[in-house]
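Given chain S, put chain W in place with the hints provided.
Taken in order, these protein sequences are the chains called S and W. Numbering-wise (my numbering), the first sequence opens with residue 1 and increments by one. Numbering-wise (my numbering), the second sequence opens with residue 218 and increments by one.
Just so you know, the hints here were simulated from the structure itself, not pulled from any lab data. One should not assume that every hint holds.
Going by beta-carbon spacing under 10 Å, a handful of chain W positions derived as facing chain S [said to hold, decoys possible]:
#, residue
1, ASP304
2, ARG316
3, SER322
4, ILE337
5, ASN341
6, GLU343
7, MET347
8, HIS399
9, ASP404
10, ALA547
11, PHE558
12, ASP566
13, THR567
14, GLU571
Virtual Cβ for every residue (Gly too), placed ideally from N, Cα, C.
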Amino acid sequence: MGSEPGGCALRRFSCELGPLGRPDGSAAFLQGDTSVLAGLYGPAEVKVSKELYDKATVEVMLKPKVGLPGVFEKNREQLIRKTCEAVILGALHPRTSISIVLQVISDAGALLACCLNAACMGLMDAGLPMKSLFCGVTCALDATGAITLDPTAKQEKEARAVLTFAISSVERQVLMCTTKGTCSVEELQQCIAAAQRASGAIFHFYRDSVRRKYSKT
Amino acid sequence: MKETPLSNCERRFLLRAIEERKVRDRDTPPPGQAPSHGSAGGVRASPHLSPSRRAPARVVTLLSALQRLDGRQSYDYRNVRISFGADYGCCIVELGRTRVLGQVSCELVSPKLNRATEGILFFNLELSPMAAPAFEPGRQPELLVKLNRLLERCLRNSKCIDTESLCVVAGVKVWQIRVDLHLLNHDGNIIDAASIAAIVALCHFRRPDVSVQGEEVTLYTPEERDPVPLSIHHMPICVSFAFFQQGTYLLVDPSEREERVMDGLLVIAMNKHREICTIQSSGGIMLLKDQVLRCSKITGVKVAEITELIQKALENDRKVRKEGGKFGFAESIPNQKISAFKMERAPVDTNDVEEQAEEIITKADPPSDVIAKPIIRMPGTAQIGEGLENSWGDFEESEREEEEEGNSDDATTSGGQKMETEEINIVSKTKKDDDTIILSDSEEEEVVILEPEETHKKTRTHTTAKQENSSSKKAFNKKRKKKRATH
Numbered sequence: 001m002g003s004e005p006g007g008c009a010l011r012r013f014s015c016e017l018g019p020l021g022r023p024d025g026s027a028a029f030l031q032g033d034t035s036v037l038a039g040l041y042g043p044a045e046v047k048v049s050k051e052l053y054d055k056a057t058v059e060v061m062l063k064p065k066v067g068l069p070g071v072f073e074k075n076r077e078q079l080i081r082k083t084c085e086a087v088i089l090g091a092l093h094p095r096t097s098i099s100i101v102l103q104v105i106s107d108a109g110a111l112l113a114c115c116l117n118a119a120c121m122g123l124m125d126a127g128l129p130m131k132s133l134f135c136g137v138t139c140a141l142d143a144t145g146a147i148t149l150d151p152t153a154k155q156e157k158e159a160r161a162v163l164t165f166a167i168s169s170v171e172r173q174v175l176m177c178t179t180k181g182t183c184s185v186e187e188l189q190q191c192i193a194a195a196q197r198a199s200g201a202i203f204h205f206y207r208d209s210v211r212r213k214y215s216k217t
Numbered sequence: 218m219k220e221t222p223l224s225n226c227e228r229r230f231l232l233r234a235i236e237e238r239k240v241r242d243r244d245t246p247p248p249g250q251a252p253s254h255g256s257a258g259g260v261r262a263s264p265h266l267s268p269s270r271r272a273p274a275r276v277v278t279l280l281s282a283l284q285r286l287d288g289r290q291s292y293d294y295r296n297v298r299i300s301f302g303a304d305y306g307c308c309i310v311e312l313g314r315t316r317v318l319g320q321v322s323c324e325l326v327s328p329k330l331n332r333a334t335e336g337i338l339f340f341n342l343e344l345s346p347m348a349a350p351a352f353e354p355g356r357q358p359e360l361l362v363k364l365n366r367l368l369e370r371c372l373r374n375s376k377c378i379d380t381e382s383l384c385v386v387a388g389v390k391v392w393q394i395r396v397d398l399h400l401l402n403h404d405g406n407i408i409d410a411a412s413i414a415a416i417v418a419l420c421h422f423r424r425p426d427v428s429v430q431g432e433e434v435t436l437y438t439p440e441e442r443d444p445v446p447l448s449i450h451h452m453p454i455c456v457s458f459a460f461f462q463q464g465t466y467l468l469v470d471p472s473e474r475e476e477r478v479m480d481g482l483l484v485i486a487m488n489k490h491r492e493i494c495t496i497q498s499s500g501g502i503m504l505l506k507d508q509v510l511r512c513s514k515i516t517g518v519k520v521a522e523i524t525e526l527i528q529k530a531l532e533n534d535r536k537v538r539k540e541g542g543k544f545g546f547a548e549s550i551p552n553q554k555i556s557a558f559k560m561e562r563a564p565v566d567t568n569d570v571e572e573q574a575e576e577i578i579t580k581a582d583p584p585s586d587v588i589a590k591p592i593i594r595m596p597g598t599a600q601i602g603e604g605l606e607n608s609w610g611d612f613e614e615s616e617r618e619e620e621e622e623g624n625s626d627d628a629t630t631s632g633g634q635k636m637e638t639e640e641i642n643i644v645s646k647t648k649k650d651d652d653t654i655i656l657s658d659s660e661e662e663e664v665v666i667l668e669p670e671e672t673h674k675k676t677r678t679h680t681t682a683k684q685e686n687s688s689s690k691k692a693f694n695k696k697r698k699k700k701r702a703t704h
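If we strip away everything but chain W, and leave its shape as in the complex, we get:
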């Protein structure tokens, strides 16, 4: 489906909601001059605010909670929820309502020619058609290319995964690690959710163990030897900032509505050691140096929180697996959730299926008789069965009668009888001959030969003959076809 563009009134409403926030935020020192703000944009009520026609409304809004459309403050992140699947390397990350599924898989391949001792990393983010009505299958929007590229820069170029450890036999076999990310629901800030899903899946993944002894390489199945985790140096996580009003106002972790009206986006990928892995500004906004610095400070705080959450989730999962408890997506659905329902193992009584099946088979119609063998008439022609009675003859009879009636203006009933005699003659003459058409002569009328080179003769013949001729030609052709069919 085509993307529905945001209507003007909705755009105005969203910008106004942000404008309201910004007007209140003007109480606090402007962005460039103040040091850190912490995690909440605090606002103090002040009587020195510039007068505006919204003054009475502002009083009300000052008292009410100062929130974005979904109830957050400017620097608040949405809730991050991580759940793991039954197999290693599978996870679902929910950032608010944005949901991303991540799966890591590995394969032994030959390495790239210019990097013979390094493994290969492959990232693929897909926008599933279920995520938003505008995402159609097979069409690669610019957004997808941009997200994929950003993800690659964040994870591959930052060297968070040790690719040297993925080498099995230098120049011959290396591990190719493939990360597939699927966006399941789009509620804004895809890149953050995707980067979290990617790094969590990579940390969760276990590859099969390999041992190299001289020339011999042994690959162990998961049953033989426990699979080993990947060697990960650090965990880069992206944090997005949406800018409004020519870069003067920013919101962290924009939701889908906010993304639609933003002027520009700044994405900073950082790890918990406060190292910037990637930074990208798009949308054409011009940022001041101190704005960028402020954003990076906020990023540091957020990344520390998220990394701690990831570690906790991984630890929980590891513990559950070790203790032999139940794990997987089924466990991650909370029992109290009213829209979720679980049923234990349900036995099915299949004791008398054999009797039921017998009954059905005996009641059913017996299979039809075997078809007769084909009779070969001549090379290339065979006959199977008898076929139905050819009813085309009746059709021709009735049509001929209709034509006779049509010709009644210039041909009397005797003329009709004449035609019949003609045709009988035609039939007798042309049974064997296909090419030359010889019509018998009848005493009454000049009979015209149906050959192309003699058409000029036809034009000079009697008009009545011409009319009769055309009808007889039609009937003749049909007779010919009928004779051919019955052969």
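So that you can see chain S by itself, here it is in the shape it has in the complex:
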């Protein structure tokens, strides 16, 4: 179905809930050819140096496929951590740690959004209490200002600006926004609006996959 104007369509999504046996929660999320595996441990023992007296300490580790983690991964880890902290009800589990380990299985564009989606599904699988669900959406703006949702690696490289948003399921609020490249204020608002539309489809996907998993119990 390539009849949408400007190529606004999300790629094929797949997910698997709980593929790993050891972590408390795990999820594999695939967007087109981009795939991320999330493993979660929590609420679990926390080092005294990182202990918070009133809420849970959220730690995120993003592991690249090749090589050691660098500044890029640290940056992404902070963004994902802030989003998760905003959503997880940490006050219910003080002095514990919630560790989220994300492994990049393959990267073909929209990696940060895929990491956010995998993290959210992993949190659901682990059964951690959350205020709302969240999803990640990537928008790419090309030279003419046309919006492309969920771009591939090639589209990201050719784009003028790439924006990633974390959208919450409650009233589609924006939890996190990170941009690369230049765009105007109007374009930013347009991208946010487009991302909010797309998040509807993603939350629908979450709901269907969880419903399917628990359909036989």
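Relative to the frame of chain S, chain W by itself:
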């Protein structure tokens, strides 16, 4: 998180489960004397078993399937499942529930000085923190070093990859092949899964084509020319044996629970031509020669099976890619799996985003006024804006009043008024002077100068003056600060 040590009762339970097996296995000829056992440790019921207090239980267990904790026989391997990613050189191998991700990448580098015509192979196994709660990032446990070393010996020293073919220009440029393995889930027997993942990824990988014409070297992108596979001589695969009860009882492919209670481990790396590439025994068990021979025979059988599986998987993937079908990890998730869900390409309606964006922008508050340019008072001091009203004065007033009340035991209200006059005098005198503090003289009281060299004078003054002095000093300092702030 710290590794939780195995509790005593769990250890006893696991060893007992193995002990049960061993007691039953005693029917069969003991290990050293019998020839091959095939792939299943067969057991016959015999009435001549040594009596034990577990006799009634043994009858029950004889009838039930003779299994390990996860339902296998002693020599059974877990199911191996191989899936490939969309790009070449990426694969995930599942050995039971142990899962390893392997990725091969290549780069052109200068060769090592003592091996100018050979390419470089680099192996890196990482224990991801998600594999087990005990694996923490940044900390290299002994296990990791041991696994990495074993993997290197198995794959590099066995010369399974032709490194001469990786040379582009002798002494100048060679290919460096890097194999990254990530353990995703730890359910025992990491080394087997890792060795399978490594060799599968290497067989699957395609490097860019290079052509050398005289002095000119051309590197083709994947679009220009099809990438070429690596030249692999043979496929070494590790098989692990766990030993229990001082080396008398063995299990092939131990699971995580079994690994925790084992006495020792024997790893044999072999290829399908029955050549041993690496053999390592650890844990301090002493093995008999025939035990080792028996293990190598079992290894031969297992390696043949696994190699056939690998070839089939590679062939399937190659066929799918050639026919233009869909490949990648998404395809490897079976459709019927209830914990998996797939959604086709979903269109998103973005027709009226422009209107929505316009609305939001017009409703939003206008941006604040531009900040005034800075006013430069003197070199090094500038002022931007006006700032807020200084409310420290009020604070000082109220504090001074409090101090006056505090001094009421020796100073009457007239004393309080006195202080005020003093301070006004202080202020008028010390506006310009920062260093020397000159206090005006008042008729009633001896006024003390606030200078360090005259402190001895202070001690001899009136006690009341001293008290007043300390409070006036405080108030004075505050006044000084206030005057400084408003400048």
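Cross-check of the supplied hints:
1. With a cut of 10 Å, the hint placing ASP304 of chain W at the interface with chain S holds, because the nearest CB-to-CB distance is about 6 Å.
2. Given hint, ARG316 of chain W at the interface with chain S, holds; its Cβ is 7 Å from that chain's nearest Cβ, closer than 10 Å.
3. Because the smallest distance between the Cβ of SER322 of chain W and any Cβ of chain S comes to about 5 Å, under 10 Å, the interface hint for this residue holds.
4. Taking 10 Å as the C-beta cut-off, the interface hint given for ILE337 of chain W is violated, the closest approach to chain S being about 15 Å.
5. At about 9 Å, the closest approach between the beta carbon of ASN341 of chain W and any beta carbon in chain S falls short of 10 Å, and the interface hint on this residue holds.
6. With a cut of 10 Å, the hint placing GLU343 of chain W at the interface with chain S holds, because the nearest CB-to-CB distance is about 7 Å.
7. Look at MET347 of chain W: its Cβ gets to within about 3 Å of chain S, closer than 10 Å, so that hint holds up.
8. Checking HIS399 of chain W against chain S by beta carbon gives a least distance of about 6 Å; that is within 10 Å, so the hint holds.
9. A least Cβ separation of about 6 Å between ASP404 of chain W and chain S falls short of the 10 Å threshold, and the interface hint therefore holds.
10. The interface hint given for ALA547 of chain W holds, since its Cβ lies 5 Å from the closest Cβ of chain S, which is under the 10 Å cut-off.
11. For PHE558 of chain W, the interface hint holds, the least distance from its beta-carbon to any beta-carbon of chain S being 3 Å, beneath 10 Å.
12. Checking ASP566 of chain W against chain S: minimum C-beta separation of about 6 Å stays under 10 Å; hint holds.
13. Because the closest C-beta pair between THR567 of chain W and chain S is about 4 Å apart, less than 10 Å, the hint holds.
14. Proximity of GLU571 of chain W to chain S holds as hinted, the smallest CB-CB distance being about 6 Å (cut-off 10 Å).
The structure does not agree with numbered hint 4 stated previously, though it agrees with all others.
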